[in-house]
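Chemist: Each chain, letter by letter, is given below.
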Amino acid sequence: MLSAALIALIPLLPIFCFLLIALLGKNAFPKFCGVLGTLSILGSFVLSAVVAFQYFFQVGKVNGIYQQLIPIKFEWLQFSPNVSIDMGILLDPISVMMILIVTFISLMVHIYSLGYMKGEERYATYYGFLSLFTFSMLGLVLSSNIFQIYIFWELVGVSSYLLIGFYFDRPSAVAAAKKAFIVTRFADLGFLIGILILAFYSGTLDFQTLITRLTTPTDQLNAITSASFMGMSALMWGLVLVFIGGAGKSAMFPLHIWLPDAMEGPTPVSALIHAATMVVAGVFLVARLFPVYSLSCHSALDVVAYVGIFSSFFAAIVACTQTDIKRVLAYSTMSQIGYMMFALGVSGYGGEHGLGYMASMFHLFTHAMFKALLFLGAGAVIHYVHSNEMKDMGGLRKLMPITHITFLIACLAIAGIPPFAGFFSKEEILQAAYQSNKMIFFVAILTAAITAFYMFRLYFSIFWNKDLTPALSINGEGENGHAHGHSKSEGTGSMLMPLIILGTLSLIAGFVPFGKLVTSDGKELLTEFHISFSVAPVLLASAGILLAYNFYKKENEKPQSVADGLKGLYSAAYKKFYIDEIYLFVTKKLVFNLIGRPAAWFDRNVVDGTMNMIATVTEKTSYSIKAIQSGKLQQYSIYFFSGVIGFVLLFIYWWKRG
Amino acid sequence: MGIGLTQILFVSTALFFIGVYGFLTRRNMITMLMAIELILNSININFIAFNKYLYADKLDGLFFTVFIITIAAAEAAVAIAIIINLYRSYKSIDIEDADTMKY
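Listed in order, the protein sequences are those of chains E and R. For the first sequence, the residue numbers in our numbering are 1 to 658. For the second sequence, the residue numbers in our numbering are 659 to 761.
Check before you lean on any hint, since a few could be wrong.
[Said to hold, decoys possible] Keeping only pairs whose Cα atoms sit at most 30 Å apart, straight-line, the calculated DSSO-like set for lysine-lysine is: (1) R:749 with E:632; (2) E:588 with E:554; (3) E:466 with E:589; (4) E:118 with E:553; (5) E:466 with E:567; (6) E:656 with R:749.
[What the hints assert, rightly or not] What follows is a list of derived Cβ distance ranges for each label pair: (7) R:757 with E:610: 36 to 42 Å; (8) E:616 with R:679: 28 to 34 Å; (9) R:714 with E:636: 36 to 42 Å; (10) R:664 with E:644: 20 to 26 Å; (11) R:675 with E:633: 46 to 52 Å; (12) R:671 with E:636: 56 to 62 Å; (13) E:644 with R:714: 27 to 33 Å; (14) E:28 with R:757: 24 to 30 Å; (15) E:634 with R:725: 47 to 53 Å.
If you're looking for bench data, these hints aren't it; they were derived computationally from the structure. C-beta: ideal position from N, C-alpha, C; glycine also.
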């Protein structure tokens, strides 16, 4: 039976660990903090595994349908007898799947960091932040109401900010941290307004009640669909605004600009936060409210689908031109999240139509495995050559055999080559797209081919291409400015073990019978597997790989000549289609000059001016009359006597007048 | 023409303003104390004069005078005690020198 205390311990272990490290461990036993953090996550992971096992195979299923369970719930704030904010834990297939992913990837990253961050000055702080993040993310996925999810949403934002800015002595890291925080904050504003709209009309914040009220014909549903603003119903507004919040966290176009810069953080952090867990929070959010999107407001779901497919395609093109390996991975993350988004967007609710939903969650699951693996592998490479740039790498396959093999597995998985994990999930997404929207399907399949190309461009550039000369491997600033000398080994056992585990999982995760476990309505969804359907995507992906092989296997002139041939397009993609520049233009030139400066002028001259004037007048007056207060007794007496005499004269004058 | 109320009031007024003048211009605290005594005595004269010329059958003015003399004696005692203490601290009885608490 599910024990409430055990479930509560899953998020509580990391937060206790964070408090322990922050309050005590940082000063008392800094060297031990890494092990402490790892142990607490191990505990969380074991508990999650137990809970997942019990949920999926023992108590979750009633009459063939997975139920939503609420093992813990208590009232937190009561505004009025009808409106209150509760805190609770909601277990359903997606949240159980998410706690499993989050604790597992977090555990891998913790173990990896034992080697990767060794000797770092703020080693203990790093583990404290990781624990804080894990707690926030677990809280986010377990939230039972929409306000609680918002609180944890902000908490993951804060921990992401702290970890991106971990090397705060580097200006670029500080700028990246601020950028990530501000951009997601703008998106969160939309999320908050969306929450308020939904909560106002449905009269509740609780997920279950809210979904029930907004999907069945009730007064609330009537009210929210009939109220309209600027030609869209309130429901549409609410859902789109909530999606904007999700798009900000999940780096969807045009709010994606923070994600590539966020790679300034330590590489394991990128693996955990900016690849596997936090950035899929947006997908999770849409999945959480999926019944409302799907049943009550399908046009909002279309927005999700088109933003998803556009981001996916856009990011894939940009990824082909980047030279910083972590940025390539960042754009590939954005592209894959776009995949998950449009899979949700094309999905229907329940039964056969819920294929897209299932596929999206499946892809989320497999993507977490191979993308974390890619980042950790990239981390190992960066650790080895002390550079992020592709041109500093090459021929590493002999020097780093384990990294090489696992990286290859991850690349094959993301490219969608059978029988690796990515193949199965991507296949189902494509199938879902094919069934509902042909245009999205064609763009998606094209994106899949581009994905295969840029991933193998990365792979060949790192592990084949030219041979790395010893001189190149030593010079260059280390990604972390590591103080310890250049070692000729691949890395410590703690760095290789997660690579091997994740590599194995990327190989076999595709065989998980996902349709039986995670579906939109909790019922089993039997997926049919069509060999004929898979031919086209696999062939296209193989073509992408062959192209990359041709271009990057050996150092040659072809990539350069192609880039020259596509001059305008290439440089536009290399500059990320000038999105950053557009943002800068809008903020610096338009917002700052047209709104910011007049507002600042008004504030400085009118608002402050009034106050300053009052102060100045008071001050001047005081200066001019302060001489009266001389402190001399006899001067005071003169004033007193002259006053008395003055009054006497006045009285005499009046008395004389009658 | 004998001495009437008017003449006595002239004397007391003169005495009063001599006292005020002394109080305002002297820096020596003993002198200032003497000036205050002059003011008080001018008041006493006023009381006595009004009592004698206007309400000869009553004694209220006399009582007031007795009280004022008593108070003046007490006041002189307190004031001189203060002045002695100040002298011990400042080695001076100039009122301008006692300015420690001014700012």
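Chemist: Look at each hint and say if it fits the structure.
Modeler: Hints, one by one, checked against the model:
1. R:749 with E:632: Roughly 19 Å separates the two Cα atoms, so the pair holds.
2. E:588 with E:554: Not OK: residue 588 of chain E and residue 554 of chain E at ~44 Å, beyond 30 Å, violated.
3. E:466 with E:589: Violated - the C-alpha atoms of residue 589 of chain E and residue 466 of chain E are around 44 Å apart, more than 30 Å.
4. E:118 with E:553: The given pair, whose Cα atoms are some 34 Å apart, is violated under the 30 Å limit.
5. E:466 with E:567: holds, 25 Å
6. E:656 with R:749: violated, 52 Å
7. R:757 with E:610: 36 to 42 Å: Given range 36 to 42 Å: holds, Cβ gap about 40 Å.
8. E:616 with R:679: 28 to 34 Å: violated, 42 Å
9. R:714 with E:636: 36 to 42 Å: Between residue 714 of chain R and residue 636 of chain E, where Cβ atoms are some 40 Å apart, the hint holds.
10. R:664 with E:644: 20 to 26 Å: holds, 22 Å
11. R:675 with E:633: 46 to 52 Å: Violated, since residue 675 of chain R and residue 633 of chain E (Cβ atoms, about 19 Å apart) do not stay within the stated range.
12. R:671 with E:636: 56 to 62 Å: violated, 23 Å
13. E:644 with R:714: 27 to 33 Å: holds, 30 Å
14. E:28 with R:757: 24 to 30 Å: violated, 58 Å
15. E:634 with R:725: 47 to 53 Å: violated, 27 Å
The structure is inconsistent with the numbered hints 2, 3, 4, 6, 8, 11, 12, 14, 15, although it conforms to all the rest.
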